[in-house]
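Join these two chains into a complex; the hints should help.
Chain order of the listed sequences is A and B.
Residue numbers for the first sequence, in this note's numbering: 2 to 389.
Residue numbers for the second sequence, in this note's numbering: 1274 to 1511.
In case anyone wonders, no lab produced these hints; they're calculated from the structure.
Cβ coordinates follow ideal geometry from the N, Cα and C atoms, glycine included.
There could be a bad hint or two in this list.
One-sided excerpt, in silico: chain B residues whose CB lies under 7 Å from chain A [to be verified]:
no.	residue
1	N1335
2	L1340
3	D1341
4	V1342
5	G1356
6	L1358
7	S1359
8	E1362
9	R1367
10	R1368
11	N1379
12	L1396
13	S1400
14	C1404
Chain B is nowhere near these chain A residues, computed Cβ spacing over 10 Å in every case [as the list claims (entries may be wrong)]:
no.	residue
15	Y102
16	A105
17	I265
18	I294
19	G299
20	T300
21	L334
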Amino acid sequence: MSRTFFEIAQRNLRRNLLRSMLAIIGIVIGVLAISSLGILGNSLTLSVKDQLSTVGDSLIVTPHISMGAAFGGGLAEEKISERQVQDLRRIAGTDPVIPIYSTADRIEVGTTKGPVSIYAIDPDDIGYMVEVDQGVLLRGTSGVLAGPTIADQFDLRIGSQVRFSDGSTQRVVGILKERGLGFDIQPDLALIVSPKWYEDRNSDRGYDQVTIKVSDIERIDAIEEAIDQRFNRRETVLDSYSSKMILESLDTVFSQISTFTTAIGGISLIVAGISILNVMLMSVTERIREIGILRSIGTLRREIRQMFLYEALILGAIGSSIGGLLSLGAGYLVSLLVLQSTDYLFHPSNLGSIALGMGFGLVTALLSGLYPAWKAANLNPIEALRHE
Amino acid sequence: METVTADGADSPALIRFEEVSKVYPLPAGNVVALDTVSLAIRRGEFIAIMGPSGSGKTTLLNLIGCLDVPTSGRLVIGGRDVGELSDDELTYLRRDTIGFIFQQFNLIPLLSVLENVEYPRVLKCGSRGACGRKPEEVLRAAGLAEERLHRSLPSELSGGQQQRVAIARALVNDPDLLLCDEPTGNLDQKTGQGIMELLVAMNREGKTVIMVTHDPGIASYARRQLRIVDGQISEDSG
Chain A
2 MSRTFFEIAQ
12 RNLRRNLLRS
22 MLAIIGIVIG
32 VLAISSLGIL
42 GNSLTLSVKD
52 QLSTVGDSLI
62 VTPHISMGAA
72 FGGGLAEEKI
82 SERQVQDLRR
92 IAGTDPVIPI
102 YSTADRIEVG
112 TTKGPVSIYA
122 IDPDDIGYMV
132 EVDQGVLLRG
142 TSGVLAGPTI
152 ADQFDLRIGS
162 QVRFSDGSTQ
172 RVVGILKERG
182 LGFDIQPDLA
192 LIVSPKWYED
202 RNSDRGYDQV
212 TIKVSDIERI
222 DAIEEAIDQR
232 FNRRETVLDS
242 YSSKMILESL
252 DTVFSQISTF
262 TTAIGGISLI
272 VAGISILNVM
282 LMSVTERIRE
292 IGILRSIGTL
302 RREIRQMFLY
312 EALILGAIGS
322 SIGGLLSLGA
332 GYLVSLLVLQ
342 STDYLFHPSN
352 LGSIALGMGF
362 GLVTALLSGL
372 YPAWKAANLN
382 PIEALRHE
Chain B
1274 METVTADGAD
1284 SPALIRFEEV
1294 SKVYPLPAGN
1304 VVALDTVSLA
1314 IRRGEFIAIM
1324 GPSGSGKTTL
1334 LNLIGCLDVP
1344 TSGRLVIGGR
1354 DVGELSDDEL
1364 TYLRRDTIGF
1374 IFQQFNLIPL
1384 LSVLENVEYP
1394 RVLKCGSRGA
1404 CGRKPEEVLR
1414 AAGLAEERLH
1424 RSLPSELSGG
1434 QQQRVAIARA
1444 LVNDPDLLLC
1454 DEPTGNLDQK
1464 TGQGIMELLV
1474 AMNREGKTVI
1484 MVTHDPGIAS
1494 YARRQLRIVD
1504 GQISEDSG
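This is chain B alone, in the form it adopts within the complex (with noise of 0.2 Å):
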């Protein structure tokens, strides 16, 4: 197992990117997603990565999420080495330790609000594991306190609430980190706000939060921004 190196002043990285390239196999011919790419992530970060569609951000952020693996180059998260883990070791690195926040919120249509959050933990813990955090209290710390919002479908929710069942969903295994896909970018601008300073909160707290957006103004909530273009960094404000 890879130890975790110390990277940048006082912490250390939480995700580091050794020349790695992803590249998609296609009858067209191969696309370069990532094309040899470095990167530290320190624990504790807000990170915004932003740049025009097809750049390569949602790619970067599937691989921080563990939802696909490198070509090429190596890919360290908490130091395991990404490239060298089975499906069941990635998804239980998902599970445990990343919480993903999309713009199509993404929640189960079949569950009610309070089974959607329940259900990672469930999965982690076993139906009456008392791992992870209360769905409950994760609801109300998300700013959905209602019990009568719980027993809700999400379809009965609106957008903004939606939003905040899952990040309460994200954060009930009590992951290190927070993958968000444009999470604002199925809202109007007040209700984006407020999931903004929510996803600040926790930063706060001590998540590291990685954002995908195309929005500066959401952007600049994040202290550390990154612009990739054609697959490279192109601009890195830490």
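Same shape as in the complex, but just chain A (with noise of 0.2 Å):
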């Protein structure tokens, strides 16, 4: 029986094919925007993490800056002594803690000069925190390790030749693998140089950061406590802070990210509802006669609802059917111009977001044929047929 209404509606949608497809069109686009902007979320999300990832786990241990200072122009001043790293190392037990010096200087490699940053780590602990591409890690105290864009931004090679403002000069050992964006230091943009070197040559002893390689990541909150409780018990002295914290702030806000890009996505299927229900509102006024002669010749009035829900069905697949199969194609462009990749394009997630817009776009489609449906279900079958 149902059979026979499905046909019905199908027809009616037929016989005006234009219309229908005008209120397909809306849901497309409806469908499409969610989806697609669901994916740009996602995708953002999780290149980001990925990058992130890198990290691990780690703890980064920085001296506090009062606001104080931070205004007074004291921030050079603020270091971690060789005592408060001995005192890390004890609290961190057998997880390795590196301590860092982190500065910066102008370079000069043949004709090319400028700025770099520069990160001087003890060769024992350089294999934690990086890796080389080409070459070899730092052994003793000369050679530097470039990173890879600075690697390409002076043109460096093994063997280059480094000239630093002093007027010293270190050759490239080691050119090091992308490691991406992180938290603790960018080697990416800088070279990397022997801690005896970069002591010989600056008076202020004393560390910039102090990373700690958490083996067991559910140790990381003891070990943040046992520092607060070693050094900030009177007064802050050292901030610390994981990698895990700040990955979690971050999906907060990219979760947050999606989330609004979703509902923009949700107002363009609102507009594709109103469209439908526009659409079945004229079907209806245009049909009362031929609604009032199936209410006559014995059609119930759930019958005829059922039938105006099936048009709204029928357009709602329809559109999140073509709506989802465009939102791979747009979900692909959108990715590469946005994120230069389309890896992310098949994880779940991002079928999740087309399933979700397909979902909606058909929710959508079937509240807006509500309306209209119990309208024609209540038509008074007499005035109806008196419908010219």
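In structure tokens:
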């Protein structure tokens, strides 16, 4: 029986083909907007997370910079002393504790000049922080490692000579693998030298940062707590933050962005819903007499309702399917344009975005069909029959 | 449930009006379309309802067709008080026991001839149902044997052919009652005669036929004539 109503619904949509297609296009655009904006948000989150995950489970300890010091120009004074590093090692136990000097300098390579960041990291610890792409890691006090971006910028190769602003020179012994954005250090954009070489040239002893590589993720909170107990009981001396914490807060930010973009898509679906509502109300008005005939020869109210809901469902199903397919294409384009990568397109969360968009499209169509269907079903058969 | 009481010589009343009034409330004041009408119609009758336009004859037909319910009084059809039925129950009554034939034919433009005839049967029995009569068979009985026509849309048929389809549709669930509202009003005289002969034949097969018309020639096919003036029955030949 419902097959007959489905058939009538389907034929009516074909009878008004142009109008039906316009309603379908509305749904397509809505689904497309929700899905592709969802894919963009997801892919953004995924790619940032991927880049950040190389940080691993690090606890980063920095000198506390009080507001007064920050604004009073005392920024450079805050350092972590060798004694504090010893205490941190005791707290960390067997986990590696890596003290890092961080500075900047203008360098000269051949005729190219420019500023770079410089980290000084103990050769024994460098392996925890970076990997070499070409050449070797530092040994002893000589040589520098160059991050891939810097190597590109200054056209550095193994053996290239780097001249620092004080006139001293070092040879490049290794080019680093690209590591991406990090919380602790940005090796892609920096040179890495040995601490001895750095100490020979700088009188102010004191580290800028200490990274603790925590092997057991469960211990991060305990170590942070111990650092607070040891250093910050009377006043805050050291700040510590974990990559986990930062990832979590980034995750929140990105999921808020995703929600926001999906909501924008939702608005276009509401517009699509209104167009379906409009199309179906027109359909009801034009078919008043037909509805009267159907009712007079024994069609129940709920059967009339069913017939009109089928129309909405067909519009929604076709629109959502087309929209879902197109959003794969749109997601591909958007990922390519914004992220320069389509690696995340088929990630489950993106497929979920498409399913969500399609689901919303279908539900919107059905909701928009409810009122016209109700209106059609409640027509008085006699008045409907008399309608010209 | 009301028991069917004997009314008249040999057959029980199929339809009984007991002081039935129908009032339509309009902004300009109430319009009394039917004024305390009492009437009994027996199974197997062929009745023509006549009267000037606005006299209430279509209201009478709508009430018999369960498209409307009385404002006051009792209308009993097949033993059931129509005023006490729900919308769904009225719809089932129309579907299963009443066949409608309209002046405008009122076929469903989206459905083919065969599908139009099949439709009430599908409502009653489901798409694979085996109840009622075969659509092809009723179409043949209504004078449309050509199978080529069965696949056509109603708009491709002549008026007379469309009315035959409408009659076939009215017959497919094998109803007790055929209600005809000016069945020949949109047809030329010769085609109209053909339709009337078909209705007479249906009546001979045992259907109760009630027909609204203002054409005395058409009314003469009926064995009983009712005249309505101002919502009241002014003449009843039966």
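Tested hints:
| no. | hint | verdict |
| --- | --- | --- |
| 1 | N1335 | holds (6 Å) |
| 2 | L1340 | holds (5 Å) |
| 3 | D1341 | holds (6 Å) |
| 4 | V1342 | violated (11 Å) |
| 5 | G1356 | violated (16 Å) |
| 6 | L1358 | violated (13 Å) |
| 7 | S1359 | violated (10 Å) |
| 8 | E1362 | violated (10 Å) |
| 9 | R1367 | holds (5 Å) |
| 10 | R1368 | holds (2 Å) |
| 11 | N1379 | holds (5 Å) |
| 12 | L1396 | holds (5 Å) |
| 13 | S1400 | holds (5 Å) |
| 14 | C1404 | violated (13 Å) |
| 15 | Y102 | holds (83 Å) |
| 16 | A105 | holds (78 Å) |
| 17 | I265 | holds (39 Å) |
| 18 | I294 | violated (5 Å) |
| 19 | G299 | violated (2 Å) |
| 20 | T300 | violated (6 Å) |
| 21 | L334 | holds (41 Å) |
Hints 4, 5, 6, 7, 8, 14, 18, 19, 20 from the earlier list are contradicted by this structure; the remaining hints agree with it.
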